[in-house]
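> Each chain is listed here by its residues.
Number of protein chains: 2
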Amino acid sequence: MKMKAIGTIHTPFADLAGMPIQPAGAAGVSGTVDVFEEYQDGLQDLDGFSHLVLLYVFHRSEGYNLRVVPFMDKEPRGLFATRAPKRPNPIGLSVVQLDRIDKGVLHIRNVDMLDGTPLLDIKPYVPEFDSSADVRTGWLAQARKTVETRQSDDRFR
Amino acid sequence: MKMKAIGTIHTPFADLAGMPIQPAGAAGVSGTVDVFEEYQDGLQDLDGFSHLVLLYVFHRSEGYNLRVVPFMDKEPRGLFATRAPKRPNPIGLSVVQLDRIDKGVLHIRNVDMLDGTPLLDIKPYVPEFDSSADVRTGWLAQARKTVETRQSDDRFR
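So the sequence lines, in the order shown, correspond to chains A and B.
By this note's numbering, the letter at position 101 of the first sequence is numbered 101, and the numbering carries on one by one without gaps.
By this note's numbering, the letter at position 139 of the second sequence is numbered 1139, and the numbering carries on one by one without gaps.
Simulated from the structure, these hints should not be mistaken for lab results.
As the structure is a prediction and not an experimental result, all values here were calculated from the model.
Glycine included, every Cβ here is placed at the ideal spot set by N, Cα and C.
Heads up, a few of these hints could be off.
Claimed, not checked - Here are the in silico distance ranges between beta carbons for each label pair:
id, chain 1, residue 1, chain 2, residue 2, range
1, A, Gly-116, B, Asn-1065, 27 to 37 angstroms
2, A, Arg-100, B, Gln-1142, 43 to 53 angstroms
3, A, Thr-8, B, Asn-1065, 30 to 40 angstroms
4, B, Arg-1100, A, Glu-37, 40 to 50 angstroms
5, A, Pro-76, B, Arg-1100, 18 to 28 angstroms
6, B, Pro-1127, A, Val-69, 37 to 47 angstroms
7, B, Lys-1002, A, Glu-37, 22 to 32 angstroms
8, B, Arg-1060, A, Pro-76, 31 to 41 angstroms
All chains, full assembly: derive it from the sequences and hints.
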């Protein structure tokens, strides 16, 4: 299956080192999404939503290992039990806050992507679809409490 | 960018007609994910998580329109303000419940995909990353309350 960029995500993060590892660690960090002109007509009604799901390409990632040591742990874990960027299909997913839309430019907050990230899709974030209660989070259960202070390093470069 | 299937999702839904339109409308509906053997080593530690984010291909969708009338509305809306399956990159996203893993087979609940759907990625669902509070949901704000009783029809066939 072939995928194509429909826009570009711009953020303050030119390099993996020092980048927040999830939007929860990027609270308040602003960025923009430039949607290519041919797709801008599909943005109508999007400004009614406060949060968006962005799907994008981990464009600096190459190859993958099925066991990885995540940023938030010291043990190797199964790749699919992590959010590591090197994956068989290197698709990233982030829930971001939408501040406003100026023509084809989305102004967003809580960005955790690299500058220049190719955008694949925008979906409205809807709690009834996208959030669950009574959640268990395995090895992350302890580690995730520290996510707001963790940053990326060069292990996935 | 080229994407490849890493497994196949099996559900009771052989056809779009009559299918629930979101996992919230598929409460209790069981399915399985057959992960191809070469990727099964990446499933370790996944069984600690109660919920997963599945990314997959809307494999029956062809083409797209930038304005669509969603299942839950009567007005045409911008495509990116909807979850319609016909998209420039036809990637679907569902949060499902994980019951257990038998070797390479994930037993899941709350499935809303077609049988035979190609799997692209599995990510652990983590509330700190994937859910937001104080959410506004635009045109869906009223419509979404009815999602549990709505079903697909053939408009996106």
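> The structure should be examined with respect to each hint, and the outcome stated for every one.
Hints and how they fare:
Between Gly-116/A and Asn-1065/B the Cβ separation comes to about 29 angstroms, which falls inside the hinted range of 27 to 37 angstroms. Between Arg-100/A and Gln-1142/B the C-beta distance comes to about 23 angstroms, which lies outside the given range of 43 to 53 angstroms. Our hint of 30 to 40 angstroms for Thr-8/A and Asn-1065/B is violated, since their Cβ atoms are close to 23 angstroms apart. For the hinted restraint 40 to 50 angstroms between Arg-1100/B and Glu-37/A, the CB-CB distance of approximately 47 angstroms keeps it satisfied.
Look at Pro-76/A against Arg-1100/B: about 22 angstroms separates their beta carbons, and that is inside 18 to 28 angstroms. Separated by about 23 angstroms at the C-beta atoms, Pro-1127/B and Val-69/A break the suggested range of 37 to 47 angstroms. Evaluation of the 22 to 32 angstroms hint for Lys-1002/B and Glu-37/A yields a pass: the beta carbon distance comes to about 25 angstroms. Take Arg-1060/B and Pro-76/A: their Cβ atoms lie about 38 angstroms apart, and the range 31 to 41 angstroms holds.
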